[in-house]
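Protein chains in written order, with full-length UniProt numbering: chain A, 1 to 263; chain B, 1 to 263; chain C, 1 to 263; chain D, 1 to 263; chain E, 1 to 263.
These are computed hints drawn from the structure, not numbers from a lab. There could be a bad hint or two in this list.
Where chains are identical, the list cannot tell them apart; a pair therefore holds if satisfied intra-copy or between any two copies.
[Unchecked claim] Using 27 Å as the maximum straight-line C-alpha spacing, the simulated BS3-like pairs for lysine-lysine come out as follows:
1. K252 / K87
2. K240 / K71
3. K252 / K64
4. K58 / K252
5. K70 / K208
6. K57 / K240
7. K252 / K140
8. K252 / K137
9. K240 / K252
10. K58 / K240
11. K252 / K57
12. K70 / K140
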Amino acid sequence: MDIATFIGLVVGLGGLAGGFLLEGAHLSSLWGHTAFIIVFGGTIGATIVSYTMEELKKVPFFLKVVFSEKKIDYFTVMETLVETADKARREGLLSLESQLGEIDNEFLSRGLQLVIDGTDPELTRSMLEMEIEAHEKSQKVGVDIFMTAGGFAPTMGIIGTVMGLIHVLSNIAEPDKLAGAIAVAFLATLYGVASANVMWIPFGTKIKVKSGREILLMELVLEGILSIQAGENPRVIREKLMTFLPADAREKGAEQERARMEM
Amino acid sequence: MDIATFIGLVVGLGGLAGGFLLEGAHLSSLWGHTAFIIVFGGTIGATIVSYTMEELKKVPFFLKVVFSEKKIDYFTVMETLVETADKARREGLLSLESQLGEIDNEFLSRGLQLVIDGTDPELTRSMLEMEIEAHEKSQKVGVDIFMTAGGFAPTMGIIGTVMGLIHVLSNIAEPDKLAGAIAVAFLATLYGVASANVMWIPFGTKIKVKSGREILLMELVLEGILSIQAGENPRVIREKLMTFLPADAREKGAEQERARMEM
Amino acid sequence: MDIATFIGLVVGLGGLAGGFLLEGAHLSSLWGHTAFIIVFGGTIGATIVSYTMEELKKVPFFLKVVFSEKKIDYFTVMETLVETADKARREGLLSLESQLGEIDNEFLSRGLQLVIDGTDPELTRSMLEMEIEAHEKSQKVGVDIFMTAGGFAPTMGIIGTVMGLIHVLSNIAEPDKLAGAIAVAFLATLYGVASANVMWIPFGTKIKVKSGREILLMELVLEGILSIQAGENPRVIREKLMTFLPADAREKGAEQERARMEM
Amino acid sequence: MDIATFIGLVVGLGGLAGGFLLEGAHLSSLWGHTAFIIVFGGTIGATIVSYTMEELKKVPFFLKVVFSEKKIDYFTVMETLVETADKARREGLLSLESQLGEIDNEFLSRGLQLVIDGTDPELTRSMLEMEIEAHEKSQKVGVDIFMTAGGFAPTMGIIGTVMGLIHVLSNIAEPDKLAGAIAVAFLATLYGVASANVMWIPFGTKIKVKSGREILLMELVLEGILSIQAGENPRVIREKLMTFLPADAREKGAEQERARMEM
Amino acid sequence: MDIATFIGLVVGLGGLAGGFLLEGAHLSSLWGHTAFIIVFGGTIGATIVSYTMEELKKVPFFLKVVFSEKKIDYFTVMETLVETADKARREGLLSLESQLGEIDNEFLSRGLQLVIDGTDPELTRSMLEMEIEAHEKSQKVGVDIFMTAGGFAPTMGIIGTVMGLIHVLSNIAEPDKLAGAIAVAFLATLYGVASANVMWIPFGTKIKVKSGREILLMELVLEGILSIQAGENPRVIREKLMTFLPADAREKGAEQERARMEM
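The task is simple: from the sequences and hints, build the whole structure.
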């Protein structure tokens, strides 16, 4: 469970609903099935037209990304790389074979495999870089789909409201029902703007932010793998990889290093 | 038939029309021939002014791209490239001549022809890259035309509504017809926003997405051709090309390879 | 006469006016001299402030670009380049001097002059590239000016309408004239949105599209000139230049080549 | 205390409140707790959904950046670099060890440490560049968060107003309270637009501007460190670093140099 | 006095005011001190929050750029460079010392000083490029400040109008004053949109356009300085620098050269 997604939805939807209730209104007056059908039918339909089945099939996966937590521990990965570099220097690159099983970061184990296989350094770099790029592109599809939906939703809300007003104005015989009918017409605008700004756009931004963190980890691994292959000094590798770490993880690393040096 | 275009239009237009019908309205009240003429005349006119006949002639072709399905099978193309690399290694580059006839991917056969002709590797790369770039540019014209139309449509809707209101307000003698006339004026806004968001913008996005997939395939072919020309190991080529594959096609490939190795 | 500009304006303005007339309105109710002065005065004024006299002096030239046709025949230019390469190979670079007079593409003849003068290849490339870049920049000024006007026009329309409403609301003594006065106020919005979307923005887009086609031709010429200077095989040059050609011109070229080879 | 943030908020909020009071209104009529809950709940909720806890934890830090002053003295840092270069030339790189304690710019002391350790120049450059890039990225998170909030706020205002209007129109029994209720509904739009334009967007821009200044200082330090490592002439280093200085600091530097040369 | 700024403001403000007067309104009804305080207070306040004092101090300088004329004579600078190249070739680089005093282009004289001092060509290039970049950045600050103000102004107008409407609706006791009060509320929208579109945005665009012209001149000088240092042939330098010239200055140059060659 992604805690920020959860808290954000509670705060956001809670704020909207809470403020409405405090005005003395009933939540039931926020429900309109026709507006719901127009806005969500229109948004989802237009988004489906925009993409192909291959991309759309991944939407459940991207929703999982939004709602589930995937802890990224830069520091541990860096430590693993430094230890591996140390072992590779002392026992040779082939000794890493035994370590492969313990590593649960798929990209890292794939990179080490290339190193163990004696792949040419330039080829190793280009293959891992292509992998990073491919990962980036596949995540961008998710960002794009939700941002597209977030772009369509408010306009579908306007369409719903305009259609509602057209209906109201064409049947103006009962003026005492006019205000209520206009209120219902506005529901579509509400649904459109709210779904875009509480769901689609934040979901798209979330995938982008998470993707950025994963890419950073992959770049750290790439740098580490290439340094191991080049047989660089583990201490220098550590120094280099530290610059990838976010400020808080870096401080933790600095402390540990101090502790180690004092021993 | 592009299934996503079809489903999307059904869901989108169905949602808009369905919601409207459920409000108890008649679809006939959504028809206004003057609004139709204003919005579509204005949108198409402004789009024609923006481009030249050369670009506009391609619109039917781009509409076909939107509505028709063109299956892209990265995996089979990759297999073809690996097999070709294998054959080239065993029997020499000239032996590929016989295989050219079986290949229905035009870009791939053109690339192989260059290799067979003994073209300089640097020239091969630059010619194929220029081809990819030219393809990208020609597709971008389609994206641009539909996006341009999608930008003009809502403003043409506003123009239609403002003209309708001006007409209504200048002839306010019959106040009992006022509401109906205003309803008609709003039809233009409806047409403008709906045509942009259910047709023009999704169509443009679709062409962009499909173009991106074709470009990816071309880049895979380019990488493969250059590797064949360099006489690289088919297994390494396979590894390299796998990084181009989308996640699902890649898993399929990994399974096949495992099966092959167990044999 | 640029046929697309002409057809587009007829279809666009015709659609707007035709729809309005079909509503039973008189075109005369679309005329308001105060709104005209506000919107066009404001738009042109704000655009003039944004640029300097040097840029503004070129506006008539850019209007000519929008309205006049300048046929770009990639194929003929490519043929000229291939023939020139052939002649240069057989009779030497100096023999091209006699051909210079027949060439009416200024950029091509300037490039050939550099080749004949024996300019260093690297310098030839950099000088021709700078020329292309300078051409691109000078065209971009035209795009920018019209796009700037297209950005200002709708806001000037809003200013006109708001000023109209302020006037109406401050003099509300004659309520029976209220509706008519509001209608007049809306004329400014109409002028602003319509001038931006039927004139300024399409004009800017047109210049951009035409500029892109000219740049493509210049890049084709640049590639050809450098190949001639390098003494490359005319057939290879032909192959290379073909990738610059748009799809339709390319097919024409492929047919001709087949015909030639069968001879 | 960042003086510009302080003055800006006083002028901005003072202008809004002052103008309102001069209209003869009471500030109390600008307070609406339901609108406040809807707009701020919605904005903060949607922003939280968009990011992960790691990013959100840094918001207090970024608020401190907005409100606190951190004087950046390019000139003094440049002088320090030139003096250090002088000392390094006369007494050797190792002599810099003693100077490290006096330097309070963390990035500079880290760079000098690398030079003293005899790190390879190429590695020094790449490590310091990665540090700059990491700093830039971490600051960009702050810019993004506030800009995201600034994007959501006005739409939350619209949501609040639409919900308010829906409530009003559904309970139209008491027409004499209608105007007041509509006024309250507009409060949400006011809060949304004002919070975006007086707080979120200016805060985001401020972080971006300050980050740009820090990056410039880091680039100056990077250039200086590399020049010191290369053993360049202090006078040339001074000349080079001067180009990084903003115009006013540069004039101050030029004067000092003249004074020095006259001695 | 920048003639385009002057003409543009006269045409723009004249158009807005003239159209309003022709509607039979009094200019006095366009004045509202509360709207003025709200819009300008809010805009200026939000802009101040967005920047730091260092940037804001330069606003008077940027206003001077908008209103004053600084003739840029590419042709004369090019002639100076060609003559200098000629002299350097005949009399040696040191002979340029005497010429330095006559040159009033600061960037050119600084570049020549570097050449005379015998600075390494690579260092000369990098120092002059850094100078160009620094100039570009410092001008961009001005563009950004005015564009930021242009982004805030219309929203401040909306805030003012919404606050005005809230005040009107809360005090609806005197319905006969309602229309006039609404008119006053709209003044804020008018001020916001007009100040953004007649002042802030055109001012920002103007600085950008002028900055682009200065940068072009600096690039011309850079190219010339480097060619002089490399001891290139003055005629080749002339050819090369001609490509930097705008079309009109280039024709003037071509004519002069023809005249010279006929002599």
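Cross-check of the supplied hints:
1. K252 / K87: Answer is within; shortest intra-copy Cα gap is 23 Å, inter-copy 35 Å.
2. K240 / K71: within (23 Å within a copy, 29 Å between copies)
3. K252 / K64: Intra 30 Å, inter 23 Å, cutoff 27 Å: inter-copy only.
4. K58 / K252: Cα proximity of K58 and K252: across copies only (16 Å, versus 37 Å in one copy).
5. K70 / K208: Within one copy only: 14 Å inside a chain, 29 Å across chains, cut-off 27 Å.
6. K57 / K240: Between copies only: 26 Å across, 39 Å inside.
7. K252 / K140: between (32 Å within a copy, 22 Å between copies)
8. K252 / K137: Cα proximity of K252 and K137: across copies only (19 Å, versus 32 Å in one copy).
9. K240 / K252: The answer is within: 15 Å in one copy meets 27 Å, while 37 Å across copies does not.
10. K58 / K240: The answer is between: 24 Å across copies meets 27 Å, while 36 Å in one copy does not.
11. K252 / K57: between (41 Å within a copy, 16 Å between copies)
12. K70 / K140: both (18 Å within a copy, 22 Å between copies)
Violated hints: none; the structure is consistent with every hint.
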